[in-house]
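Since chain A is already given, all that's left is putting chain B on it; use the hints.
Same order as they appear, the protein sequences are chains A and B. Start counting the first sequence at 2; every next residue gets the next number (the numbering used here). Start counting the second sequence at 2; every next residue gets the next number (the numbering used here).
Careful, some of the hints might be misleading.
Identical chains share a label here; the pair holds if one copy fits it or two copies do between them.
[Claimed, not checked] No more than 30 angstroms apart at the CA atoms, straight line, and that leaves these computed lysine-lysine pairs for DSBU-like:
{"hint": "1", "residue 1": "K61", "residue 2": "K38"}
{"hint": "2", "residue 1": "K4", "residue 2": "K61"}
{"hint": "3", "residue 1": "K5", "residue 2": "K57"}
{"hint": "4", "residue 1": "K57", "residue 2": "K9"}
{"hint": "5", "residue 1": "K38", "residue 2": "K118"}
{"hint": "6", "residue 1": "K11", "residue 2": "K118"}
{"hint": "7", "residue 1": "K38", "residue 2": "K11"}
{"hint": "8", "residue 1": "K4", "residue 2": "K118"}
Because the hints were derived from the structure by calculation, they are not lab data. All values reported here derive from a predicted model rather than from experimental measurement.
Protein chains: 2
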Amino acid sequence: MNKKVNLKEKLTLFNEYWSPRIIGRLNGQMVKLAKLKGEFVWHSHEQEDELFYVLKGQLKMELRDRTEILNEGDMFIVQRGLEHRPVAEEEVHIMLFEPDTTVNTGAVINELTVDAKEME
Amino acid sequence: MNKKVNLKEKLTLFNEYWSPRIIGRLNGQMVKLAKLKGEFVWHSHEQEDELFYVLKGQLKMELRDRTEILNEGDMFIVQRGLEHRPVAEEEVHIMLFEPDTTVNTGAVINELTVDAKEME
Chain A
2 MNKKVNLKEK LTLFNEYWSP RIIGRLNGQM VKLAKLKGEF VWHSHEQEDE LFYVLKGQLK
62 MELRDRTEIL NEGDMFIVQR GLEHRPVAEE EVHIMLFEPD TTVNTGAVIN ELTVDAKEME
Chain B
2 MNKKVNLKEK LTLFNEYWSP RIIGRLNGQM VKLAKLKGEF VWHSHEQEDE LFYVLKGQLK
62 MELRDRTEIL NEGDMFIVQR GLEHRPVAEE EVHIMLFEPD TTVNTGAVIN ELTVDAKEME
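Chain A on its own, in the form it takes in the complex:
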């Protein structure tokens, strides 16, 4: 991991939606990239806070009491326990920062549940 990583370059190497790629590890946390399109599932992470940083596009972060509209350059931290549903009407690219233990669908296990894949 002791070399630089260019995020745009890494984003050219995969196209699957809702399938996070691990691009770095530090302090028990993982840095991930993901491409999103469509509606995800409502879920929460009981033990993990999760950071979303929008690299491209617009992400609607639905919360039970409101929706946060996140554009390029916006960051949002979903605190542990908070129910959320990411929605991307058009393709969105994000960076994620979250603990090693994080499951993408949180306490919900369904067809969207995937293991994050390591990138070279």
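Structure of chain B alone, referenced to chain A:
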């Protein structure tokens, strides 16, 4: 912390170099913004891995065995114990991820040592 943060907007709110601002906290880690210009001090963090993500400009990350040239969109993780010296010939804007316990100058305490400041 439960609201979105626009990084470019936050960067308009301060001008001091080498004076990190805290823009988020999660999982015992802090997300910071900093503006850099000039040469920092050689240092290492004994217990903390530190992530640099370049938002604007070019950062030279000097290591004892080489120099990594980091441009906009590049990320670099400095593993704990690794001596490094950030050098910015022109102004550079970065995002940092590191544990709450991180001191900016690591084990070196000198006139560059500062506490990160909280941003609203």
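To see whether the hints hold, each was checked on the structure:
1. K61 to K38: within (11 angstroms within a copy, 36 angstroms between copies)
2. K4 to K61: between (33 angstroms within a copy, 13 angstroms between copies)
3. K5 to K57: Intra 21 angstroms, inter 16 angstroms, cutoff 30 angstroms: intra and inter.
4. K57 to K9: Classified as both; 10 angstroms inside a copy, 14 angstroms across copies.
5. K38 to K118: within (18 angstroms within a copy, 36 angstroms between copies)
6. K11 to K118: within (13 angstroms within a copy, 32 angstroms between copies)
7. K38 to K11: both (18 angstroms within a copy, 28 angstroms between copies)
8. K4 to K118: both (19 angstroms within a copy, 29 angstroms between copies)
In the structure shown, no violation is registered for any of the earlier numbered hints.
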